[in-house]
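Going down the list, the sequences are from chains H and S. If you count the first sequence from 1, position 356 lands on 440 in our numbering, and the numbers rise without skipping. If you count the second sequence from 1, position 5 lands on 683 in our numbering, and the numbers rise without skipping.
Worth flagging that the hints you see were computed from the coordinates, not collected in a lab. Source: prediction; values computed, not measured. All C-beta atoms, glycine included, are put in the ideal place defined by N, C-alpha and C. Do not rely on the hints blindly, as some may be mistaken.
As the list claims (entries may be wrong) - The list that follows gives simulated cross-link-like pairs (lysine to any residue, SDA-like), each with its CA atoms no further than 25 Å apart:
| hint | chain 1 | residue 1 | chain 2 | residue 2 |
| --- | --- | --- | --- | --- |
| 1 | S | Lys786 | H | Gly310 |
| 2 | S | Lys762 | H | Tyr266 |
| 3 | H | Lys195 | S | Leu712 |
Stated by the list, open to error - So these bits of chain H aren't anywhere near chain S, every CB distance computed over 12 Å:
| hint | residue |
| --- | --- |
| 4 | Tyr268 |
| 5 | Glu352 |
| 6 | Gly473 |
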Amino acid sequence: MGKTIAEINEKIKKGEAVVVTAEEMIDIVKEKGSETAAQDVDVVTTGTFGPMCSSGAYLNLGHTSPKFKFGGGRTTLNGIEVYTGLAAVDIYLGATALSEDDPKNKVYPGKFKYGGGHVIQDLVEGKDIELEATSYGTDCYPGKRLNNIINLNDINEAVLFNPRNLYQNYNVAVNLSDKVIYTYMGTLKPNLGNANYCSAGQLSPLLNDPYYRTIGIGTKIFLGGGVGFVSWWGTQHNPGVKRADNGTPLTPSGTAAVIGDLKRMSGEWLKGVSFLGYGATLSVGIGVPIPILDEDMAKFTGVSDEDISTSIVDYSKAYPEGISESVGRATYAELKSGKIIIKDKEVITAGISSYYKAKEIAEELKTWIKKGDFFLTEPVAQFPDAESGYKFKPMKMRKLKGGE
Amino acid sequence: MYSEKIVLHIPSNMVDKPIVYKLSRDFDLEFNILKATVIPNEEGVLVLELKGDKNNYDKALRYLEAEKIKIKSLSKDVTRDENKCVHCGLCVGICPVSAFEVELDSRKIIFKQDKCIACGMCVNVCPYKAMEIKL
Ligand code: SF4
Ligand code: SF4
Chain H
85 MGKTIAEINE KIKKGEAVVV TAEEMIDIVK EKGSETAAQD VDVVTTGTFG PMCSSGAYLN
145 LGHTSPKFKF GGGRTTLNGI EVYTGLAAVD IYLGATALSE DDPKNKVYPG KFKYGGGHVI
205 QDLVEGKDIE LEATSYGTDC YPGKRLNNII NLNDINEAVL FNPRNLYQNY NVAVNLSDKV
265 IYTYMGTLKP NLGNANYCSA GQLSPLLNDP YYRTIGIGTK IFLGGGVGFV SWWGTQHNPG
325 VKRADNGTPL TPSGTAAVIG DLKRMSGEWL KGVSFLGYGA TLSVGIGVPI PILDEDMAKF
385 TGVSDEDIST SIVDYSKAYP EGISESVGRA TYAELKSGKI IIKDKEVITA GISSYYKAKE
445 IAEELKTWIK KGDFFLTEPV AQFPDAESGY KFKPMKMRKL KGGE
Chain S
679 MYSEKIVLHI PSNMVDKPIV YKLSRDFDLE FNILKATVIP NEEGVLVLEL KGDKNNYDKA
739 LRYLEAEKIK IKSLSKDVTR DENKCVHCGL CVGICPVSAF EVELDSRKII FKQDKCIACG
799 MCVNVCPYKA MEIKL
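This is chain S alone, in the form it adopts within the complex:
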């Protein structure tokens, strides 16, 4: 059995479509919703764990792509350039899953990569371009 965690960026006009239902009905995949967020007037972000036959999984991805849904694999590809980060904290308030924490005394901003769902918000918001995402 094949299993993979993926992040789906769903365009705003697709947010109300039964995408997950289709994945399970048409491609016989088991799913587990790890996180679902709607970023207002932008898009929906859905983090899924999918399990099933590898062939079906590949077909499901093609279906998602055809629907213009952006697919990313989870978290590994969001990184912080430590030389560029000045620990301002702007990312803290913007991250939908609280992947940034403020260290109490030093006021350093800690990036908890394991929490990140690769939504990309901090990449655009960080004024110092310290956050990088590989697509």
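Extracted from the complex, chain H is given alone in its bound form:
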């Protein structure tokens, strides 16, 4: 016997819904079996907290007097370049944007102390932000130069809008070369000196709904400490990869685009980060509730770190050269044990995403639902699924006409 989302919401309203985290669900399914678990549990909460480079926020700055056209001009916030190719006072602040003066990797490895992600964190924490802009001036927008201090409270819309978050599984990064390398997967010591992974595994949202049955466009989520929605499937969504019997993909697969009101988020769950030698970005906390509609959903959410595995990739050669080659596989249980064996060598493992904070998010979302402050939504449309043929393609290289 199945349940509907409407029935689950009715239970939430009455304060009768049984809500557990994806971690707690593992033991419930093990002890009671998936059939009973599906009857007993209504909602499973998931969570993840880690760097998500495809993140950013669009802001409407409000009009000045005399009027100023940011659109088409050049604007910085705390020195960080923002995208102005929108209407007069709309801008987009990307998480990986840097200042023109940042030495970047000219002093190798670059420190990237302050970037777009840090501006987002400062904004969300209510700090004043220095705005500097130049424009070309028009009859209706005469301003050409502007220096001002802005604050999240004073501007109009501030919306976090991330084209790709929530990767469903991710590579483990290692370094087979004899030099230290600095990557978005952290600093990798030579000759398999360490192995870095980046997924909350058993707590990760899309690993608990591997076929995107309940997570789709319109799904309401915990986003950066506030409420947000899944707005589309994420860029690089790649649902057709090989999967284990439990449905979890063996390599990076599905993704989601998310959106939410920045003004209701917090610096606790949106943090600017700096990756040595790579760049600046934003760590985002996301939690997704999964309705236990039937036995299948109970099985999916009962998945544990032992049952989810991923591929180990060399970031000194295979990754930068775009060669799809793996140097082995590991389960998240192995990765979390602190050591894995690669090519007969014991290698220390480290996480990039914080499982500790992922768990806090799943707990927080559980509290919201139990208190009746958060209801579940029915997706308005599904993501392209594993059978859809939808694929993530490399760039096609072509020469300009008349070129060699």
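Fit chain S with the ligands to the given chain H structure using the hints.
Structure of chain S with the ligands alone, referenced to chain H:
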């Protein structure tokens, strides 16, 4: 008798020089090597306990400085800002002396300051700038 524990950061071009031997021969200091690591293509890190006459010890430090070797006193000056740490674990794999441990159930990252040799690796690697070193 004066005694002090210090951390030496030896530039890569000096790694193969007999520094410790000189400390004992020219400055009559007793030494005890607590830890020696070479961070690939960066530098060598040597943690020493030196014992001897205070005057000689000071002269030895001046010699090391002249050789462009960075000297730090041990561990006390590496700290973690608990408000900034998100317990991701990136420092765990990078620390040469395993000064970070993962607490089993909570997956909290524990910083064992007494193990730290102040090499500074985690300070650069921590994306949240939670690790601080006083020079
Ligand atoms: S790398 Fe930084 S944030 Fe991550 S656990 Fe270590 S100290 Fe904490
Ligand atoms: S400075 Fe950081 S990486 Fe170096 S020994 Fe101390 S804790 Fe470990």
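Now the hints, each set against the structure:
no.	hint	in the structure
1	Lys786(S) to Gly310(H)	holds (24 Å)
2	Lys762(S) to Tyr266(H)	holds (22 Å)
3	Lys195(H) to Leu712(S)	violated (30 Å)
4	Tyr268	violated (10 Å)
5	Glu352	violated (9 Å)
6	Gly473	holds (36 Å)
When held up to the earlier numbered hints, the structure conflicts with 3, 4 and 5 and fits the remainder.
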